[in-house]
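Position chain B against the provided structure of chain A, taking the given hints into account.
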Amino acid sequence: EAGVTQFPSHSVIEKGQTVTLRCDPISGHDNLYWYRRVMGKEIKFLLHFVKESKQDESGMPNNRFLAERTGGTYSTLKVQPAELEDSGVYFCASSYGLAGVETQYFGPGTRLLVL
Amino acid sequence: QQQVKQSPQSLIVQKGGISIINCAYENTAFDYFPWYQQFPGKGPALLIAIRPDVSEKKEGRFTISFNKSAKQFSLHIMDSQPGDSATYFCAARNNAGNMLTFGGGTRLMVKP
Numbered sequence: 001e002a003g004v005t006q007f008p009s010h011s012v013i014e015k016g017q018t019v020t021l022r023c024d025p026i027s028g029h030d031n032l033y034w035y036r037r038v039m040g041k042e043i044k045f046l047l048h049f050v051k052e053s054k055q056d057e058s059g060m061p062n063n064r065f066l067a068e069r070t071g072g073t074y075s076t077l078k079v080q081p082a083e084l085e086d087s088g089v090y091f092c093a094s095s096y097g098l099a100g101v102e103t104q105y106f107g108p109g110t111r112l113l114v115l
Numbered sequence: 001q002q003q004v005k006q007s008p009q010s011l012i013v014q015k016g017g018i019s020i021i022n023c024a025y026e027n028t029a030f031d032y033f034p035w036y037q038q039f040p041g042k043g044p045a046l047l048i049a050i051r052p053d054v055s056e057k058k059e060g061r062f063t064i065s066f067n068k069s070a071k072q073f074s075l076h077i078m079d080s081q082p083g084d085s086a087t088y089f090c091a092a093r094n095n096a097g098n099m100l101t102f103g104g105g106t107r108l109m110v111k112p
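Protein sequences appear in the order of chains A and B.
The letter at position 46 of the first sequence is residue 46 when you use this note's numbering, and the numbering goes up by one with no holes.
The letter at position 46 of the second sequence is residue 46 when you use this note's numbering, and the numbering goes up by one with no holes.
Here chain A stands alone, though its shape is the one from the complex (with noise of 0.2 angstroms):
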């Protein structure tokens, strides 16, 4: 079984310029997860998904970061327009069932600097 997949796996942006972060979630999977780990520090949650409906999206910084999962399958994350503290690691992590404590497997990350 595939493991949650996320594309790309680098980006080097220039400030002000736009970046489409994807995700693809484990294949029955109805929580989806953004989270992002900034310069070394903790691992920060962004939002929830459940299904394409947002269960949270108390972590996201502002509006310049849209996320969404249409069709409840993949989800993405635009950032429009970056700026350079949007440099780190976003990560995607997927669980399955609506409530509980279902483990949340991660993605491998998408690494994106900011000039």
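Check before you lean on any hint, since a few could be wrong.
[Unchecked claim] If we take Cβ atoms under 7 angstroms as the criterion, some of the chain A residues that face chain B in the derived model are:
no., residue
1, Gln17
2, Val38
3, Glu42
4, Asp56
5, Gly107
If you're looking for bench data, these hints aren't it; they were derived computationally from the structure.
C-beta atoms are modelled at their ideal positions from N, C-alpha and C, and glycine is treated no differently.
Only chain B this time, still in chain A's reference frame:
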């Protein structure tokens, strides 16, 4: 404000030794405490997890010790091996939602 504090930031242990990583939290609404292991270029992977109704959980060489009154929990790696060299993250889940709150991570190096 960091809700889960993890220490040390880095740790060097000799092969065969015991690695100990500590975490502390403030939020009493946390009800699930997983530890994740991350190798370079990979995403974090669940290693072991505990609920606050037990004080210890052991899986192979990995043990979580949990002190609810002190709001602290720790990971012990017995007989540490070079293959255990990785970054370890403690985390906590709030009973009101599914999001994980992570500690800052510990880079463990086990010397042969």
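Can you list which hints this structure breaks, lowest number first?
1 and 2
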